[in-house]
Structure formats: structure tokens, C-alpha cells
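A.B. asks: Letter by letter, the chains look like this.
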Amino acid sequence: MDAKQGTAAASSVGPRKTGAGSAGFGESSMMEGVEHHLQYADNASTATETAEAAAEGEVEEEEDDDEEEEEEEEESDEETESSRSEGETWISSFCSIRGHEYFAEVSEDFIEDDFNLTGLSSLVPYYGEALDMILDFETDPDDAARLPNIPVIEASADQLYGLIHARFLLTRQGLSIMAEKYNLTHFGVCPRYLCHSTHLLPIATSDLPGNDTVKLFCPNCADIYCANKENEVDGAYFGATFAGLFLKTYTDIPGPLGGLRIPPSTLKRLESSDEDSKQSSSDTSLHDPDSKWEIYQMHLFGFKVSERAKSGPRMRWLRERPSDLSELDSL
Amino acid sequence: MEASSSDSDCTKYWIDWFLGAQGNEFFCEIDDEFLSDRFNMTGLNTEVVYYQYALNLIMDAFEYDCDDSTREQIERSARHLYGLIHARYILTQRGLQKMLDKFKNGDFGVCPRVQCQKHAVLPIGLSDVPHSAPVKIFCMKCEDVYNPPLARFATIDGAYFGTSFPFLLFQAYPHLIPNKIAPDRFVPAMFGFKIHEHARLARWQNVKRLEMTKRLEQYEEEERRRKRIR
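Each protein sequence line maps, in turn, to chains Z and L.
Each residue of the first sequence is one higher than the last, beginning at 30 in my numbering.
Each residue of the second sequence is one higher than the last, beginning at 15 in my numbering.
Where hints are given, some of them may not hold.
[Stated by the list, open to error] Below 25 angstroms or equal to it, Euclidean Cα-Cα: the simulated BS3-like pairs (lysine-lysine) are:
1) K339/Z with K208/L
2) K241/L with K339/Z
3) K194/L with K339/Z
4) K228/L with K258/Z
5) K194/L with K116/L
6) K222/L with K208/L
7) K222/L with K241/L
8) K333/Z with K228/L
9) K222/L with K333/Z
10) K132/L with K339/Z
Bear in mind the hints are in silico, worked out from the structure with no lab data behind them.
Predicted model, so just to flag it, every value in this text is computed and none were measured.
Could you put together the complete structure from these sequences and hints?
C.D. replies: If you want it as C-alpha cells, here you go:
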């Protein structure tokens, strides 16, 4: 019983969305209610409170005095309970859940193209139902009876969306959406102090689901950091390739050798002119006036801790950068 | 007068109240013995206003009748003074021991770097001069400094911990130095292929790492030879 109601609630989203004016599906099967829902959706969008909207809807329904509509009203009540506001698609509600801040909204055109979903049916249980849920198609009530609980399909839909999301991120559209999110610091900033709040990018250590949670990549120190507890979703939902492709696409984001983009000839000139003043600090700074590469230096009462000490520095290589690009070539 | 009575309602001792306040999780309790030794406070009276009253407040001997705004000022001074004394105290043997317990307890949090595998961190200041930078966390596994994850630590002055504390701790307890035979650095890949720029840097860093290992072996060799001569 529970399952049946839930499916009905999910299925009623389709026509409502149509009413809100966005590209819609499933109109043919629910044609009777469309005209009414057009009004309904308008009311909902103008009303501030969902409850108010529901009340207004009720008034109208009384005027219509149609049994079928009343049924719809019940369903919409259920819907408000599951905190889905009017006109919102499954995708937008999924992306607005707390902890899903990293996700971009995958365009429906991308999901509708079967080619983009190649091979996913074998990875996700209840693939068809999950796909219907993502696209807000309503399920056939006869089918709903033999389907498992909504939470099971919901979980499948989450996983399927994640896997589609990982593929979508590699498209031009996906990259541009993520670029906007990157600029808005949706993925946070690098915790490393000397990275001075460089924006992070989501990255995975594995492309297969269930292996590892999502990590955050800092383009500046080229290292990966743990995400917040609440943002810890499967890494496969972002993929291992995305961060690299993103940095290859948006080359204005400085990479780990970002300070070394200037040609070696200019480097030499800078070196010779600043030799006297820079001699003391030459081991920590790049010879680039714009970006200075810094490494944390251990100090005990103002004195550097020697490498000869047992507690001396052993990890400087991790943060070291060549002072000259030619050093890399000489390897 | 009212404020002092409400204070005593909450807890008996000012230090207990201070340590229990949110954001003060990094601090440890300073011994009365250390607090009562005037020598340990050298120079602090110029740094803190209402120095004597603040010190009295910390030591629960505050008996000065004053209006609320002065009282608040003294309260603020006491917090500042406690932090400055704390920076000195954690460099003493007992202070190190107390911070060591907190470190083992994981009170300071863990390193955000994935390859440090949640190694415990220590609080560190970027300057010993007060009001220059908030407290940071230091991971001995990657030897780097990070911003604490919680926003409430952004209001704690780094000078309350000092720049030397973690290194003195590891000098005093060398067995705590983590194993640094960590895997190579992370190299991002696209469709399984490593990105050239990053892979090149990783190779260069590996060479640097090998050079360092060789240097360390050389030092050991020198040390052995010196012992033989002796």
C-alpha cells in the first residue's frame, strides 16, 4: 500500500511540471487534468507558502467538483510532505539536498540519449524504474504493484544519476556548469595554508562505484584532500577524469607549475637582475614576480630544524617545485 | 558583581569555564604552580591591560568591585593572558605531556590530506606575536600547515600556541614521529593516462626525494665513522 501511494505521488509530478511551462513528458496519459493543473501551478508559483497554495487549490477544486481532481489533491498533499515544491524536477530536488552541493544538474536531453547511458543498465538495479524516476516519468499503476519499495528505487535512481553525472561532466555543457560552480567556490577551498584559498575540484580515485568517496583536488598543490563528512558521496559520481579535463579545458587556472609559464629566457633575466636581493630566499621562491611558491619551513625558536635531526624535515619534496622549467627537462 | 556570581554558578574555577567554552578545545589546563611563578609571566604585563586583575581572575582570586564594562574588559584580558601564558606553558615538560595526551586523544583533529590517512595534527601559530594570525594545524606526516576545518578556530590567536611547539614536542618524543615512507604523490589522470605536467613534476619530486634519502644515508655514515674514531 505504502509503495503504491508513493509511486502515485512521484508520478503526479509529470503533469504539474507541464503546467509550470517547462519541457514536459507524460502529457498523453494525464490529459484530463492538464487544464486544471495549469491554473494550479500558477497559483502555486505566486503563493509564498506551499500550504497556502494547497488551500487555494482546494477552493478551486470545490468549484470544479470533480472526484478525480480531489484524488489529485490528496496526492499533492503527500507530495508536500516529501518536501518537493511545485514545478521542481527530480533532478533539481536531488541537487538541492543537503550534502549534494557538488552535483551539477544534468540536462534532460543528455539523459534521454540512450547512447550516453550505454552499459549503465548492468551497474544499476531497477535501471528502467530509476531512469523513469529521474526523468519524472510516471510509472504505470499496474507496474507499481509488483515493484519493490520506493526507497529501493530511490537509491537506484541516486546511483544512476551519479553515474550519468560522471559522464555528463565530461561534456562541454557539463564542464561549463562545473566552471560556474568552481567560480562560486561550491567545492570549497584548499585547506593547505600556503595555497591561500585556492578553489578545489571534485575528483575520484576510482571510476567504479562503491570503491571510494569523493575527494577534492587542489590545482595549486596538486594534492587531494578529504571532503566534508556531509558531502561524502561515491567518488564514481564525479569520476577520476573530470578534474584533469577541467584543468585542460580552462587553462587560465594556474597548474602546479603555474608560476613557471613564462619562457625561460625571461626567467634568466629576472634571475640576474634580482640576484643580490633574492639570493637568501631563492630556495623557497620561484623566480616569478607574480606567484611566489612557498613551502612551510619548520622552525624551533626561530631556528630552522635541520635535516640531520631525527625530527627534521623529510617531506619537503612533496611541496617542492623546480625553480626553472629546464630542471624538469633535464630528467 | 552580577557577572561574577553567574560565573561561579556555572563552574567553580575560571580555567574550567574557559576550557569548556566552545572554540577553546585546543587549550590545555595550566598548572597553578606555573601560574603562581612570577618568572613565567615576564613581559606579559606590558602586553595585557588590567594585567593584575586578569591574572587574579584566572587564579580565582578576583575581588575587585567594578562596573560591567570594566569587568568585561578584564574578562577579555584574562582570556588573552591565559592564551599567552599557555604558549609558554606548553613548551615546559608538563605542558608538553598534557598536549601529548590531547594529541593522542585526537583533540586537535586530523590531517585533511588523503594520503596522510587521517593522521592526528597539532595546533601551531604562524607568529609568536599576538594578533597576527589565527591558529593553524600542523601535520607531522606531510609536514605542512593547514587551516582548521571548523570556523570557530578562526578566532583563536595562533600566538596562544606559538611557532615552536610541534617541533619541540617531536624533539622531546621522537618515537611519535610518523613513518614517512608514504606512497608517491597523487597524480591526476584522464581516462587512465597521467597528465603530463603533473607526472613530470612527480618525477622531479621523486628525484628530490631520492637525493634527500641519499643525503640522510650519508649523514648516518658520517655519524658512524665519528663514533668509530671516538
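A.B. asks: With reference to the structure, classify each hint as holding or not holding.
C.D. replies: Comparing the hints with the structure gives:
1. K339/Z with K208/L: Judged against 25 angstroms, a Cα distance of about 35 angstroms means the pair is violated.
2. K241/L with K339/Z: holds, 17 angstroms
3. K194/L with K339/Z: holds, 12 angstroms
4. K228/L with K258/Z: Since the Cα atoms of K228/L and K258/Z sit roughly 40 angstroms apart, the hinted pair is violated (cutoff 25 angstroms).
5. K194/L with K116/L: This hinted pair holds, its Cα atoms lying about 22 angstroms apart.
6. K222/L with K208/L: holds, 20 angstroms
7. K222/L with K241/L: violated, 29 angstroms
8. K333/Z with K228/L: Roughly 21 angstroms between the alpha carbons, so the hint for K333/Z and K228/L holds.
9. K222/L with K333/Z: holds, 19 angstroms
10. K132/L with K339/Z: holds, 22 angstroms
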